[in-house]
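Combine the two chains into a complex, taking the hints into account.
Listed here are the chains, written in short residue letters.
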Amino acid sequence: MAGGFQFGNVPNVNAGGQTFDEKGALDANGNFSIDGGISAGGSISSSGSISGGGSLSVGTGATVAGRPAFFARASVTFDGTNGSILKGNNVSSITLYGTGDYGVNLSVAQADANYTIAGIAQRAATNNGIFLSAPFGSSNSHSSSVVRVVTVNNSAVLENAKYVHVAIFA
Amino acid sequence: MDLVIIYKQDNGIPAVVIPTPEALSARGIQEIAEKDVPAGKPFGIISKADLPLDTPQEFWEVDEADLTDGVGSESNEFPAATEEDQ
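Chains as they are written, first to last, in the working numbering: chain A, 6 to 175; chain B, 4 to 89.
So that you can see chain B by itself, here it is in the shape it has in the complex (with noise of 0.2 Å):
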């Protein structure tokens, strides 16, 4: 199942984040989700099966209530490796 991430912008569309193979296999979907959401907006992770594509995304809408999954954190950076990802 193909996870994506999506947060409500400033505008209220709904914003979907989709993760590179490559990240999500060396990094984790919360990882790049506290990275690439932009910093103290809440997100969710859905299956995106989810996403409703046969619509344009300007008519998407979204709860923020139902974005619990983490907050966009300040850094555009990942956390440096730990001993333990190594």
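Extracted from the complex, chain A is given alone in its bound form (with noise of 0.2 Å):
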């Protein structure tokens, strides 16, 4: 295999008293195997890639256990009240516009406006209860950046809400 790299190209290469058997292989074109496979039940297409850092990147049709499956481009959970951040995935800050009007602000924008937003909000008061949406308006108000959400009372009167959790599916 000119130009190629072999891990323990011989099997059981002894080295320092330690006996390696070949386990993978990268060739001259930039191909690396494995014998044995990722894990046990487990495998990458080609439309995926595992790089250095724990990071997994995966390209579309994606599935699991056969079925089609989409992950979350971001996520957060934040207190509406003060903006306290419990947890954020992709999301770089919150932006506390006024009462009850908030912007996710995404760490890596996506490329265009047009994903699925989905999330709950937690009313502090034990009464009624509280409703997240959208900005009023005819037109898209998020961002490829930005994710915009407010939340309302029952009269449709913005309120803080206790807890907000928000997150984004393209």
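These are computed hints drawn from the structure, not numbers from a lab. None of these values were measured; they are calculated from a predicted model. Check the hints yourself; a few may be wrong.
No farther apart than 20 Å at their CA atoms in a straight line, the calculated lysine to aspartate or glutamate pairs in the DMTMM-like style are these [stated by the list, open to error]: (1) 44/B <-> 61/B; (2) 11/B <-> 25/B; (3) 11/B <-> 72/B; (4) 167/A <-> 57/B; (5) 51/B <-> 72/B; (6) 51/B <-> 77/B; (7) 167/A <-> 61/B; (8) 44/B <-> 25/B; (9) 44/B <-> 13/B; (10) 92/A <-> 13/B; (11) 51/B <-> 84/A; (12) 92/A <-> 5/B; (13) 11/B <-> 64/B; (14) 51/B <-> 66/B; (15) 11/B <-> 69/B.
Rendered as structure tokens:
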């Protein structure tokens, strides 16, 4: 395999008293093969890749257990009364624009603003409810880098929610 | 001391930008401010404890002359990491 590299290219290589069997190989074309796969019962297709640092990127057409799977592009949970952030994924910050009016700023922007938003809000008081919505208006209030949401009470009046949970999918 | 970013919106109401711990650790508050504050808006970085959270945000006031910590950049992306960052 000229120009390539093999791990333990000869079975039972003895190095310093330790013996290594061939487990993987990198050929001159950049193809890396691993004997025995990545993990039992798992596989990585040609549309995905694994890079160093523990990250996994998946191309289009990912499946889990044979069914299409689409992962959240970003998610966040924060306290709508003071902006304290409990957990964020691909979120750089939260903007408080006013009472019940929030922006979720993405660390890595999306390709466009046509993503799907999911979420819920929790009211601190026990009476009546609170609802998570997009800002009022007929145009798309989101951008590729900012997800705009509002929380309103039963009277459709903006009100700070105790907890706001937002995730986006694309 | 938790730090937050404030800027004055076009409607006069101060907006507050609160960094996530993850982004704060990775990029620092200055880079977050420059990315997440609207382009051209001056911003200030203050202690979160100084926010009058017991008053509705619509009644807050801020003097733009006090917002001297930077200006929102044109880009909504973090700058590419340099070798010094790695």
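Each hint tested on the structure:
no.	hint	verdict
1	44/B <-> 61/B	holds (19 Å)
2	11/B <-> 25/B	violated (25 Å)
3	11/B <-> 72/B	holds (13 Å)
4	167/A <-> 57/B	holds (14 Å)
5	51/B <-> 72/B	holds (15 Å)
6	51/B <-> 77/B	violated (26 Å)
7	167/A <-> 61/B	holds (18 Å)
8	44/B <-> 25/B	violated (24 Å)
9	44/B <-> 13/B	holds (10 Å)
10	92/A <-> 13/B	violated (30 Å)
11	51/B <-> 84/A	holds (14 Å)
12	92/A <-> 5/B	holds (16 Å)
13	11/B <-> 64/B	holds (9 Å)
14	51/B <-> 66/B	holds (17 Å)
15	11/B <-> 69/B	holds (11 Å)
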